Amino acid sequence: DVFVEVESMDRGGNFIGRLTTVDGNSASFMLVQAGLAKVHESAYGAPNYKQLIEAEEKCRKERIGVWTNYEEPTAKDEEENETENVPEVEEPVLGAGVINFNDSRFRRVVVTYVTPELKVYVQYAEQGAKVEQLQTDLREIFSQTKPVGGHSPKKGELLAARFTADNEWYRARVEKIEGNNRISVYFIDYGNRELITDLSRLTQLPPGMYFSH
Numbered sequence: 001d002v003f004v005e006v007e008s009m010d011r012g013g014n015f016i017g018r019l020t021t022v023d024g025n026s027a028s029f030m031l032v033q034a035g036l037a038k039v040h041e042s043a044y045g046a047p048n049y050k051q052l053i054e055a056e057e058k059c060r061k062e063r064i065g066v067w068t069n070y071e072e073p074t075a076k077d078e079e080e081n082e083t084e085n086v087p088e089v090e091e092p093v094l095g096a097g098v099i100n101f102n103d104s105r106f107r108r109v110v111v112t113y114v115t116p117e118l119k120v121y122v123q124y125a126e127q128g129a130k131v132e133q134l135q136t137d138l139r140e141i142f143s144q145t146k147p148v149g150g151h152s153p154k155k156g157e158l159l160a161a162r163f164t165a166d167n168e169w170y171r172a173r174v175e176k177i178e179g180n181n182r183i184s185v186y187f188i189d190y191g192n193r194e195l196i197t198d199l200s201r202l203t204q205l206p207p208g209m210y211f212s213h
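The sequence shown runs 1 to 213 under the UniProt record's numbering.
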């Protein structure tokens, strides 16, 4: 398990942040330290920037990993770089070098799920309370009226599915139906998916739970 902390976003719409293990180790530092990665300019200003640079320098000197075939630039190379490499003038992003997250074009979000491929699913922060209330209402209804399992779903149907990790009911959409009751569902409020083979873990949603947010 890892923790993902998003700090900002580049001009290409890519997230910039930190990935740490549950015991607090920086994934970027471990990669650089092992010679499996180089320090990108976007790391400047990071709390462990000095450690990253030192680890990179050590791997470069010892020719570890990506630095195996590294050759130190000569004075001639440096002189040619100074005369040939004219820096490109970049247009400012959002009117300044620092991103202003109070800008109306940004919306605060809460990360709800990150796939193994690092695809990130989020909820708008202002809608978080609404989703939580919906979950509370759904559980109260099912606690008073025991849900009838064994529902035969249809592809694209919006229903309630019981998530294996916590055994709670959530809104889900049926994405795929295969033989032997193999039902692929997508939990619409959180972004994660699950393959369900027990039809007792599927039931119809109560009235009023079909709206989107």
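Calculated directly from the structure, the hints in this document are not laboratory data. A few of these clues could be false.
Claimed, not checked - Capping the alpha-carbon separation at 20 Å, the derived lysine to any residue pairs in SDA-like fashion look like this:
1. 50 <-> 31
2. 130 <-> 31
3. 154 <-> 130
4. 61 <-> 25
5. 155 <-> 119
6. 58 <-> 15
7. 119 <-> 208
8. 154 <-> 195
9. 38 <-> 23
10. 130 <-> 155
11. 38 <-> 22
Stated by the list, open to error - FRET-style restraints, in silico, Cβ to Cβ:
12. 124 <-> 54: 37 to 43 Å
13. 44 <-> 3: 17 to 23 Å
14. 166 <-> 106: 40 to 46 Å
15. 3 <-> 143: 31 to 37 Å
16. 72 <-> 15: 15 to 21 Å
17. 71 <-> 3: 54 to 60 Å
18. 73 <-> 42: 43 to 49 Å
19. 68 <-> 152: 20 to 26 Å
On a predicted model such as this, the values are computed, not experimentally measured, just so you know. Each residue gets a CB set at the ideal place from its N, CA and C atoms; glycine is no exception.
Going through the hints against the structure:
no.: 1; hint: 50 <-> 31; verdict: holds, 15 Å
no.: 2; hint: 130 <-> 31; verdict: violated, 40 Å
no.: 3; hint: 154 <-> 130; verdict: violated, 27 Å
no.: 4; hint: 61 <-> 25; verdict: violated, 24 Å
no.: 5; hint: 155 <-> 119; verdict: violated, 24 Å
no.: 6; hint: 58 <-> 15; verdict: violated, 28 Å
no.: 7; hint: 119 <-> 208; verdict: violated, 30 Å
no.: 8; hint: 154 <-> 195; verdict: holds, 15 Å
no.: 9; hint: 38 <-> 23; verdict: violated, 23 Å
no.: 10; hint: 130 <-> 155; verdict: violated, 27 Å
no.: 11; hint: 38 <-> 22; verdict: violated, 23 Å
no.: 12; hint: 124 <-> 54: 37 to 43 Å; verdict: holds, 40 Å
no.: 13; hint: 44 <-> 3: 17 to 23 Å; verdict: holds, 22 Å
no.: 14; hint: 166 <-> 106: 40 to 46 Å; verdict: violated, 32 Å
no.: 15; hint: 3 <-> 143: 31 to 37 Å; verdict: holds, 33 Å
no.: 16; hint: 72 <-> 15: 15 to 21 Å; verdict: violated, 34 Å
no.: 17; hint: 71 <-> 3: 54 to 60 Å; verdict: violated, 38 Å
no.: 18; hint: 73 <-> 42: 43 to 49 Å; verdict: violated, 23 Å
no.: 19; hint: 68 <-> 152: 20 to 26 Å; verdict: violated, 58 Å
Going down the numbered hints, you'll see the structure goes against 2, 3, 4, 5, 6, 7, 9, 10, 11, 14, 16, 17, 18 and 19, while the others check out.
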